[in-house]
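Trainee: Residues per chain, in single letters:
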Amino acid sequence: MVPGAGLSLAAALDFGTLPSQVVNGVLNGAIYALIALGYTMVYGVLRLINFAHGEVYMLGAYTALFVSWAYGFRPDVPPDQLPESSLATLLVMMLASMAVCATVGVLIERFAYRPMRNQARISSLITAIGVSLLLQYGGGLFLPQNPPPTMNERVNPYRQTLELTLVGAPQQLSEAVEAARREFQAAERTFEERLKSEKDQFNLSPEGQRLRDAKFEAERRLRDAESKLNSAQVTVRVGAGRLAILVASLLLMFLLRQLVLFTPTGRAMRAVSQDFDSAALMGVNVDRIVTITFVIGSALAGAGAMMTATFLGTSITPYYGVLPGVKAFVAAVLGGIGNIPGAVLGGLLMGVAETLVIWAGYSQFADAVAFVVLIVVLLFRPGGLLGSSAVEKV
Amino acid sequence: MSLLRLEKATIRFGGLVAVNEVSFEIAPGELFGLIGPNGAGKTTCFNLITGMYRPTGGRILFKDRDISGLPVAQIVRLGISRTFQNIRLFGSLTALDNVVVAAHLHRRANLIDALLGDPRSQADTERLRGEAMRYLSALDLQDVASARASDLPYGKQRRLEIARALATQPDLLLLDEPAAGMNPAEKEDLAGVVRRLRSEFGKTILLIEHDMRFVMGLCERIVVLDHGEKISEGPPDHVRNDPKVIEAYLGEAV
Amino acid sequence: MALRVRIASILAGMAGCWLLDVLCRGMLRESEQRLVVLAGLYVTLAVSLNLINGIAGQFSIGHAAFYQIGAYTAGYLAFFYYGKLPLQGVPWLIAMLFLGMGTAALAGLVVGLPSLRLRGDYLAIVTLGFGEIIRIVVQAIDLTAPTGEQVGGALGMNVEPRIRIVGLVWLFALTCIAVTRNLCKSSHGLALLSIREDEIASAAMGVQVPKMKVAAFMIGSAFAGGAGVLLAHSESFISPSMFPMDLSFIVLTMVVLGGSGSITGAVIAALTLFYVPEYLRGLKAPDGTALTATGANLVGWIVAVVAAVVVVRWLAFRFRGTARQRAMGYLATAVGLLVVGRALGWILSSVPALQQAEYEVQKLRMVIFAGSLIVIMLVRPEGVLGRHEFSWDWLARVLRRQRAREAAG
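Note that the protein sequences, when read in sequence, are chains A, B and C. Note that the numbering used here gives residue 192 to position 192 of the first sequence, counting from 1, and the numbers run on in steps of one. Note that the numbering used here gives residue 141 to position 141 of the second sequence, counting from 1, and the numbers run on in steps of one. Note that the numbering used here gives residue 188 to position 188 of the third sequence, counting from 1, and the numbers run on in steps of one.
Below are the BS3-like pairs computed for lysine-lysine, each with C-alpha atoms no more than 30 Å apart in a straight line: (1) A:Lys196 - A:Lys215; (2) C:Lys211 - B:Lys63; (3) C:Lys185 - C:Lys211; (4) B:Lys156 - C:Lys185; (5) B:Lys187 - B:Lys244; (6) B:Lys156 - B:Lys187.
To list a few chain C residues with every Cβ distance to chain A over 10 Å, as calculated: (7) Phe319; (8) Arg342; (9) Ala353.
Hints listed in this document are in silico derivations from the structure and should not be mistaken for laboratory results. Glycine is no exception: its CB is placed at the ideal position from the N, C-alpha and C atoms.
Can you make the complete structure from the sequences, with help from the hints?
Mentor: Take a look at the structure:
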């Protein structure tokens, strides 16, 4: 590498946008976390990598799209005839996505995975791959994809961009800005008054010149003070809709946590993920628990899909879930597969890592990041950050 | 000269000490027994000796060479072989093939020969199959040589495991509960087999068993483990009457 | 097997390939010859994957990576060195073949090492991830040709020289089959099978498990790499889009369908799964447009298949009867499938919505693929041939039994 290359790279990085990018990374990470939760819970109870989970996510996106069409946000409707969107609309879309995904997840489990439960593990894995491919290419037959549809941006009622100050600047800097602004305004006023009363002569006279220079000088001092203030504080600009993703995700994750920790069903889920057979022997209806696990995991993916489609405006194809599915899976492994808080942590880390790679200018490698992380984790710490490794007894 | 010597062998799993400073010696040609209540650490001892676990303390010497923590395949090559408590045959392979896998240890053709299928590889495979057949015959299994291992009745499976372990040509043979699930007649046969292993094949035997009469009638010396520690050692009569042993098995001395 | 039989087989194999080559060149169009070449490459891929998955029992589902490595080895070397060295034409191809197999084997080593620490699903994911990393890295590498143009990367690159010899490709496939077969019949092959059965017991019998696992990976990947070299020169063009994850899944389906562990099964499944879709692709409606299936037919067939799967599962796992009764049941199910599918399609075509919906059979290809993967897993997870192998002995036994039956009257 050329010696100066490192320096020029650093110079090329725009540190001003860094905080916004980190926030974006966290938001993407929230979506990954929602999907990763599905992977990790299913692996926890069945020791199965649900390859088809990404496709469930895809179906959630299409569901949200179709519901938005039902509300009148069709692509052929001119903008002035579009209805008004509201929180209620969003909630209906989200519930619909969650319901459809949950149903699909249960069907897959019941008809493709349950018969494989007593077979070798690789049989389940292969079946999962088959289901994944079937949904992708089946979707390719039946779902609209040419051109890939996007959700109408008016579906999102929170379209304004918020500017948030994360770290405030010291008092004196903002006072300095205030003072400089007052000076500038005074200088400007003086200049304007003299201009009005004396007109052309004033412009060309030495006095006029002096006042004009004073005005420019004051303006320059104002701008200096402002930029000092800006570099001292950390502000981020983020779309309001995207923030909604964070809020909704946190809410859903909190609900999940309550369920897993404090309800009998949650206890049963934890028991099944520890030891499937013993849980069955202790009277847990493992079939029911497995079904519930798929319902929750798929519903979360559906929620994530609806939010991505609505707030991030990505175009939807039958292959919509392939990359997010892989990245979310890596996130689950990173956090420790089978470990619920791990999935959240992994998701956030993946989201931030990916955004940083793009910010650093290596966007063509953004997808490779996931695979590299995956291999590194599996080689050096297969249990993930929050997981543990078990010893096989002879 | 001892064949196998454990010097304060210890292994802990997290907070649990499964085997705690156990020491004993086995001389060549001995019929040695390892007994103790359930969970005493007997199979763990086997796993230590065969290299499946690495001792966290002490050491294990085989033919005066420290084998603690060596890889399993290497220990097998040095001359120790074993059977398993829960039968671990290669179920979908035939009985003969099961033994060939073990005989493969003494192959004379390498992988390249095998890939090319050259005469050396073919001759070697024939030779190994012949050897395997001999071991099967020695344990009266020649009639089931081409049967799937998982299709065999229980008694034959146990004997097949022994035939397989023999095929690695060990000096020391570890038998993990070889008589489990057998009726008295089968146990008599098995005792005869074990004695033949020593007299005809020159093997030294270390066996784990729960059946007291079987062990006392067969073994020349016995070590008793309880909760991972050695509580008694000596010939059957000594061990049988040792109050510590009685207490370990029956609870407080009556 | 006597030496004489061995030599005879080798000569017969070479003669067969030569004959195939002559026939293809004489009777088939260029495009059809290309299909025969591709079929041979898929057979090689399936048999080499079968060595890793079926025989050694590892979970490798990223086989396309080695295919790609072999192809790009040939591609990059040709880009930099072809024309500058005394080697040209077929000798160059042979040299590339060895080099491609070498680099792919090295890659197999890299992937095989994690297999020592990882079990099952984890290993599968690592192999998949490895394949994707290769694809993404290759996509990012851009080379500049002497003429100044950009090649490589996402756009693909040309590969010289263009050599498409049907006989050579199939000779390579036969070599792969022969080598795998040799391995299986030796004690080394048994050692591999024992690793698949029970790794711990295998080690306890003195088998050097890590060495054998890595060896299996390296041999399997070497053959896949060789196939990649042959692909590169046959098509004279390679690009990352030719090696997607789906390719790995297709090869995996071939191995699984044929029966993990059965070389014969892998070969038959590879040929079937390659040629049937190609045949479907070539079908045209009477008026020359692409063949379509109506929604009615589609739904009809789907329902029939689902019903057949349910019946077969019941027969396989619950039915208490003789083997003959079971076989009759399967036969009846197969016939029933065809009848019900056709009938339902005909009945449903009275529903106007279903009759008008048309789907190109081409697009159905992958759907059928995925569907057959699931169906096979549900109906017969060990694959159609299971662990059975074709062998001359087996054929001799069958003929002998036939003769005995005839003699008995």
